[in-house]
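Taken in order, these protein sequences are the chains called A and B.
Numbering of the first sequence is given in the numbering used here, commencing with residue 1 and proceeding in unit increments.
Numbering of the second sequence is given in the numbering used here, commencing with residue 1 and proceeding in unit increments.
Keep in mind that a hint or two might mislead.
[As the list claims (entries may be wrong)] Straight-line C-alpha distance at most 25 angstroms; calculated SDA-like pairs for lysine to any residue: (1) B:18 with A:67; (2) A:179 with A:354; (3) A:228 with B:42; (4) B:18 with A:354.
Simulated from the structure, these hints should not be mistaken for lab results.
What follows is each chain in one-letter form.
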Amino acid sequence: MSSSNVSVPAALKAKIAATRAKLDDHVLETVDWHFNPKTGTPFWLDYAKNILKWDPRKEVKSYAGLNKFPLFEDEWLRGGPVRRWVPKAYAKMPISTFETGGSTGVPKSRISYQDYRIDYEMFSRTLPDKYFPKGADWLHVGPSGPRRLRLAVEHLAQHRGGICFMVDLDPRFVVKLIKWGEMAMMERYKGHVIDQALTLLKAHPNVKCMFTTPKLLEALCEKVSLSKMGITGIFCGGTEMTPQFHRFAVEELLGPEIYFAPTYGNTLMGLAVHKEPTKEDNWAIIYYPPMPRAVLEVVDPDKPEDLVPYGGTGRVRLTTLTKEVFIPRFLERDECEREAPCAKFPFDGVRNVRPFSRFNTSVVEGVY
Amino acid sequence: MLHLPILRKGRPYESVDKSVTVHHRTREPLVAISQANPGLIRRDMLSLPEVARAMAGFTCAELIALCEKAAVHFMNDSLPLGGATQSPQEYVEQLSATTGLPHVMVRRNMEKIGGVMANMSSVLRGLTRNLDLSILDTGYGEDNRTVVSYFRRGDSLGVVLPSNSPGVHALWVPAFALKTPLVLKPGSSEPWSPYRVIQAFLKAGAPPEAWGFYPADHAGAGEILRHCGRGMVFGDVSTTRKYASDPRIEVHGPGWSKIILGEDEVDRWPDYIDLMAASIAENSGRSCVNASGVWVPRHGKDIAEALAQKLAKFQPRPADAPDAEIAPFADGGVAGRVNRMVDAALSEPGCRDVTAAHREGPRLVEFEGCSYLLPTIVWCDSHEHGLANKEYLFPFASVVEVPQASMPEILGPTLVLTAITKDPELKRRCLKYQHIGRLNFGAIQTNRIVWDQPHEGNLFDHLYARRAFQAAELQTA
Chain A
1 MSSSNVSVPA
11 ALKAKIAATR
21 AKLDDHVLET
31 VDWHFNPKTG
41 TPFWLDYAKN
51 ILKWDPRKEV
61 KSYAGLNKFP
71 LFEDEWLRGG
81 PVRRWVPKAY
91 AKMPISTFET
101 GGSTGVPKSR
111 ISYQDYRIDY
121 EMFSRTLPDK
131 YFPKGADWLH
141 VGPSGPRRLR
151 LAVEHLAQHR
161 GGICFMVDLD
171 PRFVVKLIKW
181 GEMAMMERYK
191 GHVIDQALTL
201 LKAHPNVKCM
211 FTTPKLLEAL
221 CEKVSLSKMG
231 ITGIFCGGTE
241 MTPQFHRFAV
251 EELLGPEIYF
261 APTYGNTLMG
271 LAVHKEPTKE
281 DNWAIIYYPP
291 MPRAVLEVVD
301 PDKPEDLVPY
311 GGTGRVRLTT
321 LTKEVFIPRF
331 LERDECEREA
341 PCAKFPFDGV
351 RNVRPFSRFN
361 TSVVEGVY
Chain B
1 MLHLPILRKG
11 RPYESVDKSV
21 TVHHRTREPL
31 VAISQANPGL
41 IRRDMLSLPE
51 VARAMAGFTC
61 AELIALCEKA
71 AVHFMNDSLP
81 LGGATQSPQE
91 YVEQLSATTG
101 LPHVMVRRNM
111 EKIGGVMANM
121 SSVLRGLTRN
131 LDLSILDTGY
141 GEDNRTVVSY
151 FRRGDSLGVV
161 LPSNSPGVHA
171 LWVPAFALKT
181 PLVLKPGSSE
191 PWSPYRVIQA
201 FLKAGAPPEA
211 WGFYPADHAG
221 AGEILRHCGR
231 GMVFGDVSTT
241 RKYASDPRIE
251 VHGPGWSKII
261 LGEDEVDRWP
271 DYIDLMAASI
281 AENSGRSCVN
291 ASGVWVPRHG
301 KDIAEALAQK
311 LAKFQPRPAD
321 APDAEIAPFA
331 DGGVAGRVNR
341 MVDAALSEPG
351 CRDVTAAHRE
361 GPRLVEFEGC
371 SYLLPTIVWC
381 DSHEHGLANK
391 EYLFPFASVV
401 EVPQASMPEI
411 LGPTLVLTAI
421 TKDPELKRRC
431 LKYQHIGRLN
441 FGAIQTNRIV
451 WDQPHEGNLF
461 DHLYARRAFQ
471 AAELQTA
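If we strip away everything but chain A, and leave its shape as in the complex, we get (with noise of 0.2 angstroms):
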């Protein structure tokens, strides 16, 4: 990271200072614990040993060390055996697999232990109160089944006290009727799943919050208002969502009774949380990572060991650093602008975070 390129306060500098030296220390800290021959990730000790050739516990001395690693590539997390990535010290403890992909051929596979939980805790310290009541229950409408969405916003509502309905919707059926053209099949599929979604909201009045897809949170809204509902906080991610509709769903969806989190988030990240809008944003959706936990970086995409200045347009690059997964230097499929630290969030974060347009290929988000 570098903020050369932006007039910083002294006040924000030294808090940009702190997290970085905080970053370094984790960075440390993660490589040790997955390289280190007892408590490692088979994946990265046969990395280390046969491709590398070097011990990474002895070269990375910061974050900026991670440079010495190449782009990780997540071809490696499809197909088995998936315990290769499980770190030694955890072999025995109980493991979940969340998959991402997956539409047509083997889905990506992400081991996890404890991190949606930290992820999610985390997260629920971000959510103001008011709109996301303590013992509140919740709704979540939206992609579960593999994903980590399933378990993550469970233990979202049980963290803050409350108790999590469900709606399933399965992304990768969407996927394929929208390929064969089937768009009247998608819109009663996405009919199915909203009217469990509204008896849901019918029967149960204690449920003020939810976790949905933009998709479905438009759907819903064309048959209810949730604030007439009782909803007072809504958490959505999943899928893009572009200034515009934020905008839209803020003042016409939503209205000024419920609180909108637009989130970003990803099996391999963890969640990105939104910074509160403010006017000179025109709505822009900005969003800073888990530090020290994941770091995002917008990099050119033709160099990618390079940053774009600040507010200049590139690829998201990840980084996650946890005790459970390592992944250094992740090219993800998104393009955004480059956001500077502020003093909530002293570290880079994304703005309006699209697919990377060079792929060119048309994403299929018809429903979820």
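With chain A's structure known, arrange chain B on it following the hints.
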């Protein structure tokens, strides 16, 4: 920079997301167009049944009167354009700037749109086959001594519009007079005409709720067509294919319009060269009603030579030249791609670019920073050649010899067919052939449109259906 807002029930809405359309020549940004997110479109469409009920409160006569007033405003007045205003001349210049269409062609198209609005009464007479329009007000009545009842098939007409030529806007305007709220998705480089039409209607006193103007991406277009009661889509084969089997949607794809000469007339072919050339090249060949084929039993090579000689004289001229005959491509890259496609097809044996020998230089030329494809006439040995039945967005036509006995079936789908013949048998077969949208007998240009003679579907039939009906009060004693 100019800004075009979304119109939600006729009221401007500035989106956070805007797309910028550039001047085709300078590549300088000219207009920022607010983009509607699909959810916003769908949300607005929830209230369309209510709007349709309000529209039903107007009589057709009242709506026709509004059309006539709006025509005057459209043709003559300065009208709102986002936060600015737009005079008729500015409309011509702005439309030309983003589409490349020369001013003289924009004006012709403007007159076409204004003409339909001004003559709505006769347009509706043609569409409804002279139905007493008060029957649409009451829902039933006597027509030609028969009791009839009509009902509206949907609460709105959603239209996904093209950018190629503004004349197409004349097709959907009558929906307003037929009491149908409109949900329009403009083409990315031609938002000007639908916006101006709406502003003219608003100035005339039309209910704002009847008008939706939603610049959007493909997803937005899909939402409009999925959720409108009735729809209309313009586009190429790949765009229109997915709606081909949806009876709610009227599809306006490529025209493949043609001229044929019968055995009885073909020896007089020189008499028809001007008509053929005009059918091919007017409006710079951009319309689906422009001829893209001349199919004859003999003299094909002579006809191709004569057409080539005539059309090879076309040269690019400044956009405001009163004698401009050809338009540049708004995107020069597209011109290059189309040119390569034509060349690739010409490399197949059995085909020749006849114009090549008559023009000085290549087909693709640059003039004042713009890319033009000059008129091209090809001679094909066989109707099966890849170029024999092709349509491009510039003056292009193939000349093919086929036996009269094989016509018109050999032509395939043909939006407009001008059949120059007096042969009753050929005329009978043309009348029988189901893949002709508009049939002209005799020396009529393919692009001479009479608006009370709709092709590609009849808007009235698209919007209204007739039910069986009896009423005791109407039964004679």
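Quick rundown of the hints versus the structure:
Proximity of residue 18 of chain B to residue 67 of chain A is assessed by CA-CA distance (about 38 angstroms); at most 25 angstroms being required, the pair is judged violated. As the CA atoms of residue 179 of chain A and residue 354 of chain A are separated by approximately 21 angstroms, the hinted pair is consistent with the 25 angstroms bound. Restraint check for residue 228 of chain A and residue 42 of chain B: the C-alpha separation of about 21 angstroms stays at or below 25 angstroms, so the hint holds. As the CA atoms of residue 18 of chain B and residue 354 of chain A are separated by approximately 15 angstroms, the hinted pair is consistent with the 25 angstroms bound.
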